[in-house]
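These are the residues of each chain, in order.
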Amino acid sequence: MLEVKNLMVFFENALAINDLSLEVKAGEFVGIFGSNSAGKTTLMNTIAGLTLHKQYREQRKGGERITIVGKILLDGEDIMLIKPDYRVKKGIVLCRERHPVFKDNTVHENLLLGGYLRNGREVKESIEFVYDLFPALDRLKGRKSGLLSGGEQEMLAIGMALVARPRLLLMDEPLLGLSPAMQQEVVRAVKRLSQEGLTILLSEQYARPIMPLIDRGYVIENGTLIVTGTGEELMDNPEVKAAYFGM
Amino acid sequence: MTSSVLIFGLVNSAILMLTALGFSLIFGLSGVANLAHGAIYLSSGYVAWIFLNSLGLPYFLAVPLTIVAAGLLGAAIYWLVIMRVRGLGLSEVIATFAVGVAILEFFRWMGFVTYEFNLPVLIKGSLDISGVSVDYQRLVIVGVGILMAALLWLFAHHTKIGLALRGMAQDEYTALSLGIDSDWAAALSMALGSAIAALAAVVTLPLGIISINLGYEVLIMALAVTVLGGLESITGLVVGALLLGFARTVTGTYFDPKWMEVVYLIALVLVLAVKPSGLFGKYKELEERV
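These protein sequence lines map, in sequence, to chains D and C.
Under our numbering, think of the first position of the first sequence as 1, with each following residue one higher.
Under our numbering, think of the first position of the second sequence as 1, with each following residue one higher.
These aren't lab readings, by the way, just hints derived from the structure by calculation.
Watch out, some of these pointers could steer you wrong.
[As the list claims (entries may be wrong)] Listed below are the simulated BS3-like cross-link pairs for lysine-lysine, each with C-alpha atoms no more than 27 Å apart in a straight line:
1) K89(D) - K160(C)
2) K141(D) - K160(C)
3) K90(D) - K160(C)
4) K54(D) - K275(C)
5) K275(C) - K144(D)
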């Protein structure tokens, strides 16, 4: 479904992604693991088109020079120069890091915004699914999302991405800053989504609860691919064990 | 005297609210402090005059055409000028101010400087309210002001596009990741704000003569109301307009009409010094931009 080939991203002269290639097949759950500044967020933003948008914006105002090289293929079509909204139309939806929600809007309004490009019937069905996946959101649907806890905001952020009806769901560090109980809740939801056949590419620093669930994973450091393999292979890898499981 | 102050205070408040509504909408939805607002307001007055007098169009055709033309002008200003400097606050301010001055001075250069330019009222005649004679046009202004504030609130809270624009104003990158195009949203908010400025022009300009300097005065009025009430808040806008409208009327009635224009400037300075985010504002951005 998704192929990233020899991707390189520079911010001025700083190399954020270095000749990185990866693949996500339809129905797969693929993990990207790495420490802070490994390039996970840049990779996710580049696949979703946000880096391209920032590049245009910076070019227009003569700001930071951003260079993107390589190929991103969705079902064989090169989407490198396609704007973020068209990528969403094609089914690539990113749930950004740090549970971003529209804080002045209610939970239900946020979910409606998630379905901005979808028709009324699709939005209604998707919101029902989200309330089933996260019953807490159903109870909180009239509350302003800025008043939710971090964990509830993360559920909402995932819900918004789901209402956009992704074919490929990108999740950037969904466990970041959450309590252990909330992490379990998010992991449970991600596991269910994967079991129901949704294609997921998830980046995470905290690998322990995610690695057992993935079909395949990539470990990156300083924007460079270090190790790849199935979830089991990664968990058996001594370097990965030392770095992510403290063993 | 009290009835007069109440009635004309309300009318002045409605005028202020209508003239500031477009400016506030654009800033609230796209973050752009559109200093060309006064010029768009005034040019709408001249365009309406041209439609009515030079082209001989009927009033009920000239007004919608003027509003559409202003909307297109606003979108064009975004695509041609603001988009190039989007995200650079000071550059946005300078660029929109330059566009505004260019538009106003274009009309001056074209010879729109005499006293023959005025727009017709929607309904002629007046009404006696508690012994105070109020012309129908002023009542139209109050009605249009209330209607526009209500419609805008409904638009922002209960339509898909309104929600998307509010979302974009809060977090551009999250909105983008859900498929909302930020440039389209900003251009739309510029078009809407400019169309509202045109509506304000065609209902308020019949109270006097259209002159170039009005473009600069309207910009100061819009800034004063928006800064006083606070950004991104229709409630703040209404309260700001009421406070300034009544302050202006009281000043003109009990002191000296020549001090009426100073009220805006005093309000601007006081608010920026005491509570920079305004009475109902959440963000302290405008004072950093202006």
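**Message:** If you test the structure against every hint from before, which numbers come out violated?
**Reply:** 4
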